[in-house]
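Letter by letter, the chains look like this.
Protein chains: 4
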Amino acid sequence: MANFNYQDIREAAYESNMQLPKLGLVLFTFGNVSVVDRAKGVFAIKPSGVPYEKLSPENMVIVDFEGDTIEGDMRPSSDTKTHAVLYKHWENIGGIVHTHSTYATAWAQSQRDIPIFGTTHADHLTTDIPCAPPMADHMIKGNYEYETGFQILNHFKDHGLDYREVEMILVGNHAPFTWGKTAEKAVYNSAVLETVAQMALLTEQINPNAPRLKDSLIKKHFERKHGPDSYYGQQ
Amino acid sequence: MANFNYQDIREAAYESNMQLPKLGLVLFTFGNVSVVDRAKGVFAIKPSGVPYEKLSPENMVIVDFEGDTIEGDMRPSSDTKTHAVLYKHWENIGGIVHTHSTYATAWAQSQRDIPIFGTTHADHLTTDIPCAPPMADHMIKGNYEYETGFQILNHFKDHGLDYREVEMILVGNHAPFTWGKTAEKAVYNSAVLETVAQMALLTEQINPNAPRLKDSLIKKHFERKHGPDSYYGQQ
Amino acid sequence: MANFNYQDIREAAYESNMQLPKLGLVLFTFGNVSVVDRAKGVFAIKPSGVPYEKLSPENMVIVDFEGDTIEGDMRPSSDTKTHAVLYKHWENIGGIVHTHSTYATAWAQSQRDIPIFGTTHADHLTTDIPCAPPMADHMIKGNYEYETGFQILNHFKDHGLDYREVEMILVGNHAPFTWGKTAEKAVYNSAVLETVAQMALLTEQINPNAPRLKDSLIKKHFERKHGPDSYYGQQ
Amino acid sequence: MANFNYQDIREAAYESNMQLPKLGLVLFTFGNVSVVDRAKGVFAIKPSGVPYEKLSPENMVIVDFEGDTIEGDMRPSSDTKTHAVLYKHWENIGGIVHTHSTYATAWAQSQRDIPIFGTTHADHLTTDIPCAPPMADHMIKGNYEYETGFQILNHFKDHGLDYREVEMILVGNHAPFTWGKTAEKAVYNSAVLETVAQMALLTEQINPNAPRLKDSLIKKHFERKHGPDSYYGQQ
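Quick mapping for you: the protein sequence lines, in order, are chains P, B, H and V. With full-length UniProt numbering applied, the first sequence covers 1 to 235. With full-length UniProt numbering applied, the second sequence covers 1 to 235. With full-length UniProt numbering applied, the third sequence covers 1 to 235. With full-length UniProt numbering applied, the fourth sequence covers 1 to 235.
Looking at chain P on its own, in the form it has when it is part of the complex (with noise of 0.2 Å):
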C-alpha cells in the first residue's frame, strides 16, 4: 500500500464517480467526477477508461490547474483539461461532473438548450438548460479538452450567465457537464439534468406548442429552494 496524500479528495471522488452507475448516468467509463482542493490547488479525478468497479481511493489521479498530474500512476481521465479550465476560473465550484447520459446528451446532440417547462426544472435553474454550440475547427484541432473548457466559459460570458445559478451546461454535438459547491451537487444536478431533459422531450411529443413556465412560476419555485427566504429542506 503505497502512502498516498490528498485522502480527502481521493475519497470523495471516489464517493462521487461510483454514485453515477447507481444513478444510471452511465455505461462502462462514460463519465468522470472530479473533486477540488483549493488550499493545494489540486483537484482528484477518475483514471482514464477504468471500469467503475476497479475504481478505488487510491487509483484517483491528482492534477493542477493546468492540468498536469501532481501524484498517480495512471492517465487521468481524457477530460481533466476541462475540469482543470473550470476550477481555475470558476472560483467557486467545489466538483465537476462529465457524463454521456442518454436524454441529455441526445439534446446536445440536438443543439439545442432545454426549454424551462415546468417546477422540476425551474427548482433548480431559472433559465433554459443553455448548450455551447460545436467548437470552431481550430479549437478542436488544437488541445481540444483544454479549449472545451473555454467553450463553456465563453458561452456563460456571452449569455450573461451565472455558474453560481446555472450549474449545469450540454456541449453541441458532445455531452453535459454540471458542477457545484461540492461534487456530491454537481452528481445531484447531473442526475436531475438528465430528468429534465427526458420531461422536457416528452412534453413536446405531446404538446408541441407547449408553453414555457412563466416567469412567476419561475421565481416563485427557485426561490422556494434558493432565494434568502427559501423554505424547502432543513435548515
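Careful: at least some of the hints might be erroneous.
Claimed, not checked - Chain B is faced by these chain H residues, among others (derived, beta-carbon under 7 Å):
1) M18
2) K22
3) L23
4) A106
5) S110
6) I140
7) N143
Claimed, not checked - List time: in silico DSSO-like cross-link candidates among lysine-lysine, alpha-carbon distance up to 30 Å:
8) B:K141 <-> P:K219
9) P:K141 <-> V:K22
10) V:K88 <-> P:K141
11) B:K214 <-> P:K225
12) B:K40 <-> B:K54
13) V:K214 <-> P:K141
14) B:K220 <-> H:K225
15) H:K141 <-> B:K219
16) P:K54 <-> V:K157
17) H:K54 <-> B:K220
18) B:K22 <-> P:K54
19) H:K220 <-> V:K88
20) H:K185 <-> H:K225
21) H:K219 <-> V:K88
22) B:K220 <-> H:K157
23) P:K225 <-> B:K219
24) B:K225 <-> H:K54
25) P:K219 <-> B:K88
26) V:K54 <-> H:K54
27) P:K181 <-> P:K157
28) V:K185 <-> P:K22
29) H:K219 <-> B:K214
30) H:K54 <-> V:K22
31) B:K220 <-> B:K185
32) B:K219 <-> H:K88
33) V:K157 <-> H:K214
34) B:K219 <-> H:K220
35) B:K40 <-> P:K22
36) P:K22 <-> V:K88
37) V:K181 <-> P:K54
38) P:K88 <-> V:K219
39) V:K219 <-> P:K157
40) V:K54 <-> P:K54
Everything labelled a hint here was simulated from the structure, so no lab data went into it. All figures in this text were calculated on a predicted structure; none of them were measured in a lab. All residues carry an ideal CB built from backbone N, CA and C; glycine is no exception.
Please arrange chains B, H and V on chain P, whose structure you already have, making use of the hints.
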C-alpha cells in the same frame, strides 16, 4: 429516543413514503406522502428535502389543517399547505401523494388532460385525468402552496368533478397530486397515473387519431371495480 | 392446511403468474395466468385483485369451462370467463395470459394491428399481430368478459387466423391476451409481444415509411423455428 | 463429467454470453456470442435456444469455419454459419455478438444507417453505423445464415468499410451483429451500439434537422481513443 405521539400515522406515512422510490416514482427527495388522523385533526408528512434512506417514523412531521407544525423538529415538506387545504375541504380522504413522476409531469407541463384511451384508465376513473391550469400570478406570488390547494379544489368544482371518484389531478406546469381513502391507495393511484400517462402518450404516437374510449366500455370497466355490483377483487 | 386437489395445475398457475412481475409485464395486480387440465375439464387461475407477493399454489382458483368455480375460497380473476371461452373452443391451448403491458396496451388503445417489421416478429408469427375492434355495446352491457372471449374467437374466424399459429391478440381499447400449448409458452408469448410492440413503435418513429417484412424473410424465419425442418433450439 | 477440449474458448464464450442479459441486451434466448481459436481454426458458440441461466462452459458448442460441429452434444446457435463466414473472411476478429437489442433492432427494421450525431458515436467509429439491405430472395431461400454472412461482407466491400474500424452492422429487417479483437470487445460494442441507437432516435425527435457531427470532431474523438497518439485509457 424522544417519546412521540401519533405513532400510527407516523408509521403509515413512513411506510407510504418509502413506497415511492420502490415504485420508481421519485428521484432524490422529489415527492411526499401524508396520512391524516381525522379524530385528532392532524396529518403526518415527510420532512422537507430529506433523502428517503434517512426517513424514519420518528422524523415524520405532525401538522394541523392550517399547515402549522404540531410536533416534530424538522420542517415539513414544502408542499405541506397544499396537503392541509385538501384535508380540510375534502373530508373523505385519508392520504395524499405528490410526486414529479416522469410521464405524469410531462403531461402537466403540456397543460393537457390525459384522454381516456383504454380500460387500464377506465378501471380507475371514468373521465379524462384533469389538468388544472397554471395559477394566476397573484396566487403564485402570495401563499403559493396554500393557493395550489385552492387551484385543485376550484378546478374540481368548476368541472363538476367529485374527488371521491377522481382521485388524481395534474397541476399545470407543475406535477401530479393523488389521494385516496388511505395513503396506501393514494400511492397506488400515483403509480397507476404514471402508467396511464405513459400509455396515453404512446397511444397518440402510434395513432394520432386514436379515439377516446366509448361510453359503454368506460361504464363497464369502472363498475367492475367500483360500482355497487363490482366483482373485481375479494369481498 | 386444507387438502387441495388439482395440485399440478395449481403449482403451474402459481409459477406462471409469478413470472409476470419478474418480466416487467404487470403493475400491481394487472394481469393473470391460467393453466388447464383437459382431462378434468378445469383450469387454475389467479384470484382476483390479490397482489403477486401474496399468491400461493393454494389460493389459485379452480374453474370449469363455463366459468364456474369448482374449488377455492376466493373469487377468480375478473377475466375468468374470457379464459373459459377460449379453453372451451380452442382445444389445443394449455395456458392463457392476460396483461396490461405498456407497449402492447398502447397498440390496443390505438386500435391498430402491429405490423410485421422484422425477424424478431417473424420468429414467432407470420402475420401482423391482430387487434380486435372494441366490442359492440350490447356485448359490453351484457356478459362482458364472456363476450370478450367471443370477440377474440370471431376475430380469428373472420380473418382466417389459426390460434395454433397466432398465439396472441390485442383487444381494442383494452389490452393483450396470449396463449400457448403450456402456460410457460403463453407467458413467453406475452413478453415477446411486449418487445415486438415496442420495436414496432420505434421503427415507425425512425422511418414512418418503413416497409413490412418481405414474404421470403417471413417464411424463412418462421420455418427456422416452427416448420417441419426447423433447426432452432434443441431436438 | 466429460473430458472437454477447447477449455479456454469455452470459458470465454460462456462468460461473454452471460454478459448479454446483464447488459439488458437480450430477452430469453435472443442472442449469442462466439469466441474463436485461430490456431485451431474453431470457435465456441452458445447452443441454440438454451436459456442463459442454463448455460455453462461445458455446453458451448465447438464449430469450424464451415459451420460444422467439432465437439458438443447440442445444436449450435441457428446463426452459427453467419459467425463462421465472418471468422473465415475477417482474420483479425476474435469474437462476434448477435443480439436483438431493442433500439438497434428498430433501426435495422427501419432500414436506415444510424447517423453520426455526436461524440459518443465518434469515440467508437467515424462513419454512420451501416445498415445492410435485406437479402435477395434467392439468398434467403437458400443457405440463409451462410448468406447473411456474405451480405455483411459484401456490404462492407461495396461501401469501402474496414471491419477493423467499423465493428458493427445492422442487417436490414433483422438485427445487429458486432465483433472485435476479443469477445469482450464485441460485447462492449453491442452495448455501445444500443446506446448510440437510442440517442440517435431521441436526437431526431428533439430536432428533426439535427446536423451530423462535423468532420473535425469526428476525427478528434476517434483519434483520442484509436489513433497513433491516442490518449484515452491506460497504456
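Checked hints:
1. M18: Hint violated; M18 of chain H Cβ to chain B Cβ min 18 Å, cut 7 Å.
2. K22: violated (16 Å)
3. L23: violated (16 Å)
4. A106: holds (3 Å)
5. S110: holds (4 Å)
6. I140: This interface hint holds because 4 Å falls under the 7 Å limit.
7. N143: It is violated, given that the least Cβ distance between N143 of chain H and chain B is near 11 Å, above 7 Å.
8. B:K141 <-> P:K219: Within the cut-off at roughly 9 Å; holds.
9. P:K141 <-> V:K22: violated (38 Å)
10. V:K88 <-> P:K141: Given that 30 Å is the threshold and the Cα spacing comes to 39 Å, the pair is violated.
11. B:K214 <-> P:K225: It is violated: about 45 Å lies between the C-alpha atoms, which goes past 30 Å.
12. B:K40 <-> B:K54: holds (27 Å)
13. V:K214 <-> P:K141: Within the cut-off at roughly 12 Å; holds.
14. B:K220 <-> H:K225: violated (41 Å)
15. H:K141 <-> B:K219: OK: K141 of chain H and K219 of chain B at ~9 Å, within 30 Å.
16. P:K54 <-> V:K157: violated (40 Å)
17. H:K54 <-> B:K220: holds (27 Å)
18. B:K22 <-> P:K54: holds (28 Å)
19. H:K220 <-> V:K88: holds (25 Å)
20. H:K185 <-> H:K225: holds (14 Å)
21. H:K219 <-> V:K88: Answer holds: K219 of chain H to K88 of chain V is near 28 Å, not above 30 Å.
22. B:K220 <-> H:K157: Measuring from Cα to Cα gives roughly 26 Å; hence the hint holds.
23. P:K225 <-> B:K219: The hint is violated at about 44 Å.
24. B:K225 <-> H:K54: Answer holds: K225 of chain B to K54 of chain H is near 20 Å, not above 30 Å.
25. P:K219 <-> B:K88: Answer holds: K219 of chain P to K88 of chain B is near 28 Å, not above 30 Å.
26. V:K54 <-> H:K54: Distance ~28 Å between K54 of chain V and K54 of chain H Cα, so the pair holds.
27. P:K181 <-> P:K157: holds (20 Å)
28. V:K185 <-> P:K22: Judged against 30 Å, a Cα distance of about 23 Å means the pair holds.
29. H:K219 <-> B:K214: This hinted pair is violated, its Cα atoms lying about 38 Å apart.
30. H:K54 <-> V:K22: holds (28 Å)
31. B:K220 <-> B:K185: Roughly 22 Å separates the two Cα atoms, so the pair holds.
32. B:K219 <-> H:K88: Holds. K219 of chain B to K88 of chain H sits at ~28 Å (cutoff 30 Å).
33. V:K157 <-> H:K214: Holds. K157 of chain V to K214 of chain H sits at ~25 Å (cutoff 30 Å).
34. B:K219 <-> H:K220: Between K219 of chain B and K220 of chain H the Cα gap is close to 46 Å, so the pair fails against 30 Å, i.e. violated.
35. B:K40 <-> P:K22: violated (42 Å)
36. P:K22 <-> V:K88: Given pair K22 of chain P, K88 of chain V is violated - Cα atoms ~41 Å apart, limit 30 Å.
37. V:K181 <-> P:K54: Status holds; Cα separation ~22 Å.
38. P:K88 <-> V:K219: holds (28 Å)
39. V:K219 <-> P:K157: Between K219 of chain V and K157 of chain P the Cα gap is close to 28 Å, so the pair holds against 30 Å.
40. V:K54 <-> P:K54: holds (28 Å)
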